[in-house]
Amino acid sequence: MSIAPVYIAAAGIISPLGNGLEATERSLATGSCGIAPLSLFALAQNDPLPVGQVDGPGDGPDLPRTHRLALAAAGQAMQGRESPPDAVIVGTTTGGMLESEELLRAGVLDGARYRYHGLGTVAATIGRKYHCTGPMLTVSTACSSGAVALALALSMLRTGKAERVLVGGVDSLCRLTYFGFHSLQLVDRNGCHPLDKNRQGMAVAEGAAMVLLTNRPSEDPLAELVGAGLTCDAHHSAAPHPRGAGALAAMELALADAGISPEDIDYVNLHGTGTRENDLAEARAVGALFRDPPPLSSIKGATGHSLAAAGAIEAVVASLVVRNGLLPPNIGLERVDPDLHLRPLRKPEQKDARLVLSNSFGFGGNNGSLVIGGPGSTPVDPAAPHRPGKDLYIHGLAAASGAGMITATMEGLLAGRQVAGCVDVDLAAAALGAKTIRRLKRLPRMALGLARSACDDADPAVAPASVFMGTGWGALSETNDFLERLFATDERFPSPTDFVGSVHNSPAGQIAIMLGATGANITTSGGDYSFEQALFAADLMIGEDETTLVLGVDEYHHHLSPLFDPSVGGDAAPADGGGGFVVSRTRASSRCRVRLLYYGAGSAGTEPLVGGCGGPAGLQNRIGLVLAGIPAADQRQGEEQLRQFLAQAEIGAPVIRYRQLIGEFASASAVAAVLAATLVDRGDAGDPVTMGQPVDPHAGILVLGLGATITAMEFDRP
Amino acid sequence: MDNLIEELKDKLIDILNLTDVNPADMDADARLVGGELGIDSIDVLEMVVMVEKDYGVVINSQEVGEKVFSSLRSLAAYIQENRPRDT
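Those protein sequences? They're chains B and W, same order as listed.
Quick note on our numbering: the first sequence kicks off at 1 and runs consecutively.
Quick note on our numbering: the second sequence kicks off at 719 and runs consecutively.
Bound conformation, chain B alone (with noise of 0.2 angstroms):
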C-alpha cells in the first residue's frame, strides 16, 4: 500500500533566534544564542534568570502574547496563498495566560477580559484569520504539544481527511512556567548547556513554529513530513522513564512509520532540554536505537525550550536541515556529558542531510518523534500499513455527574431528570487507592475516576494501550493554587506540586501509569468541543488492533470557571463531570459504534454538517433521537444552528437539549454521549427522556454540538 508524501508546504517560524526562516538560519549558522535575563514581565524577588524570549511579536489588536506569537509564525506559512487551510492544528500550554495572570492578579472580575484565555482560542483565532471553516484542533500534551500536533496532521492529510492544514505549536512565556520550572529546580541560572557535564536545567522560553502541510503536489516544498511516534512513558508526572523507554519506542514507531531504518537518519535533533534527567534518558534511548549515532545536537542552548512551540520550531529547522544541509551546533557546550556517550556537534556543519529524526518529550511521559525529509525521501512503499478507516465500536462506558457515577446519572437521565451538579470527588475517586490520588485534586481524581471505572465496565482482560483525553479548562483547582500561593508569597514559594498538576495532560498523564497505557497520549482542549477533539484524535491515531480511553472531563471552579467558562455564572447553577468510553475497531462484543460525522466551525452553517451527516435521506433514515448540546453563551447561535439543521435535514426525531439536564460545563457532551450509548445499547430510548415522544429503538442517535463550532457523533448498532 502506498502513501502520498505530506509536504511541508511553507514554514513560518518566531523564536528567540529570529523571526522568519532566513533569520533563523541565520543564527543557528553563526551559532548564536537567544538565551537572556528575563524582561517581559517584572519580578517581586531575586534577579530574572536565564530564558529563551522573544523580540517582538508585535502588539496586536488585544491578543494575548501566545496568540500574537502564533499569527506571526501563520502569517510566514500563509504568504502568498489565498487558499484556506482545510484544518488548523495548534499545539500550546498557555494560551492566554500571561494575561490571565495579571488580570488575577489584580483581581479583575470580569469574565469578558478572559475571553482569549483558554487554549482553543489560539487556533480559532488563526482559522477565523485564514478562513478555515473544517476542525480547529488544540492539543495540549506539554512539551510534546508541537510535534503531537504535526503527527495528527499528518494522519489527517494521510486518510485524505484533509489536503491542507495550518499545523504547529506556540506558547508564551509566562509566570506559570517560568516560576514553576524554577519550582522544580528545573531552571540553569547560567544558561542552558543541552549534553555538558555541569548542565544544571533548561531555559524557559518561548516561541511559535506553523507549517502548512498538504498531500497534493507542492511547488518547491520546503520538506516532506515522512513520520512520526507518539508514546507514553507511563512512570511519572513530570520525570522522564530514567532508560528512555518510551523515547526509544517514540522513535522506532517514528522510523516505521516513515518505513525506513535507523541508518538512513543524517541527523538527530534531540529534545536536550538541559536537565540532568532529559537528556541522560534521550541520550540512553538514543544509543540503544544507533549502533553508530550520526551527527546529532540539540538547539535548546540556543532557543531555550519553548515548550509546547518547541516541537514545531524544531521541525522547522529540521526542514531547513535537509533543505539546506546545514546542521545546527549545540550551543552551551564546553564538555560533553561523558556518562551520555553522544558526540554532539559543537559547530555548524555543511552536510547533505536527507532524513532528519527530530525528538520532543514533556511532562506525562508524553513522547514524540518526526522524521524529516528532503523531497522524494518518502518512500512509495513504506513498511508501516496504514489506518484501516475502519470505525470505532465502544466496550466499556463511565460518567460522572451531580447526580453520581454512571448508575445514577443514566437513572436521572432516562427518567428525565435534571443531574446537573457538581460531582462528588470522593465518589468518583472511590475505586482509587489512597497513594494513587494524594497529590491529585479536583480533575485529575475525577479523571482517573472515570478511566478505572470505564475500563471496570469493559472486558478486563484488554487494557487501553492509549489516552486521549479531552478537557475545556484543565486543572483549574491546581492553577488557581498555584497562582494564588505565587502571589500570595510575592512569588517566593511557588508550589511544584502544584505546577505539575496544573498542566492540561497531568490527567491523562497519571490515567497513562494507572492503566501501563504507553501508546499514544493526546491531551485536547477545545473549550465546549473538547471531547469532540479527542474522539477526532483517537480516530485519526489508533490501529486496527487497539483499544483506547477516550475520556471528556472537566471541573468546576468557584473562583475561575465563571471568570474563564462564558457559559458558567448565568443562571446555571455549578456543575461539572464528564464520561469515559473503551473503543476499539472491534465490533464483536460491542454495546454500539461511535462516528464522528462532523467537526466544522459554526460560521459555515448547517448545510456541511447534514451533508457530513449523510444528507437528509440518510439521516431520516438513521435518527431516532437528537440529543443537542448548544452552550448558554452560544444560545442564540445554536437555536438558529439547529432550527436549521432540522429544517435542512427534514427530519422529525425529538430533540434534546442536554445541556439543560446535565449543566453548563465544557465536556457535558461527554456525559451526552455516555447517554446515547447507553440508549442504543438497551435498545430502549425511553419514553421519560424525551418526553413521551416515540422513538425507534432500533435508530441511531445524533450527539450535536452547535455555537462557535458544530460537531455531530451518531451512536448507532449497526
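Mixed in with the good hints, there may be bad ones.
Calculated lysine to aspartate or glutamate pairs in the EDC-like style (CA-CA distance at most 16 angstroms, straight line) [stated by the list, open to error]:
hint, chain 1, residue 1, chain 2, residue 2
1, B, Lys435, W, Asp732
2, B, Lys390, B, Asp716
3, B, Lys351, B, Glu219
4, B, Lys435, W, Asp738
5, B, Lys435, W, Glu754
6, W, Lys771, B, Asp490
7, B, Lys197, B, Asp337
8, B, Lys197, B, Asp264
9, W, Lys771, B, Asp391
Just so you know, the hints here were simulated from the structure itself, not pulled from any lab data.
It should be emphasised that the depicted structure is a prediction, and the values quoted were computed from it without experimental measurement.
Using the hints, position chain W against chain B.
Same frame as chain B, but now just chain W:
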C-alpha cells in the same frame, strides 16, 4: 528535637496530603524518600519550600538535599542547626 520531629510529621502529612498516614506510625529514622510513604522527587521539592518558608532554612543543592531528607530525624537536625536564632 523530638518536638520538632512531631511538628514535622504533622506538616508533612498536611503538605504531602498523606491522608492514610498517622503521625504515630511515622518512624523518625526510616527512609523518608522512596520509602513506604511513597515520597518522591516532587515531594522533596515541596518539602524544600516548606523548610524555607516555615523555618527560614534554605536547601539549595541536591547533595545537601539528599542528606537532609534521608530521614525525619536528619531533617529535624538540619533545621535545628541552621535555623536563624531568635534574638
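Hints, one by one, checked against the model:
1. B/Lys435 <-> W/Asp732: Status holds; Cα separation ~14 angstroms.
2. B/Lys390 <-> B/Asp716: Since the Cα atoms of B/Lys390 and B/Asp716 sit roughly 15 angstroms apart, the hinted pair holds (cutoff 16 angstroms).
3. B/Lys351 <-> B/Glu219: The hint is violated at about 24 angstroms.
4. B/Lys435 <-> W/Asp738: holds, 8 angstroms
5. B/Lys435 <-> W/Glu754: Since the Cα atoms of B/Lys435 and W/Glu754 sit roughly 10 angstroms apart, the hinted pair holds (cutoff 16 angstroms).
6. W/Lys771 <-> B/Asp490: Judged against 16 angstroms, a Cα distance of about 12 angstroms means the pair holds.
7. B/Lys197 <-> B/Asp337: Cα-Cα ~4 angstroms, so holds.
8. B/Lys197 <-> B/Asp264: violated, 29 angstroms
9. W/Lys771 <-> B/Asp391: Outside the cut-off at roughly 55 angstroms; violated.
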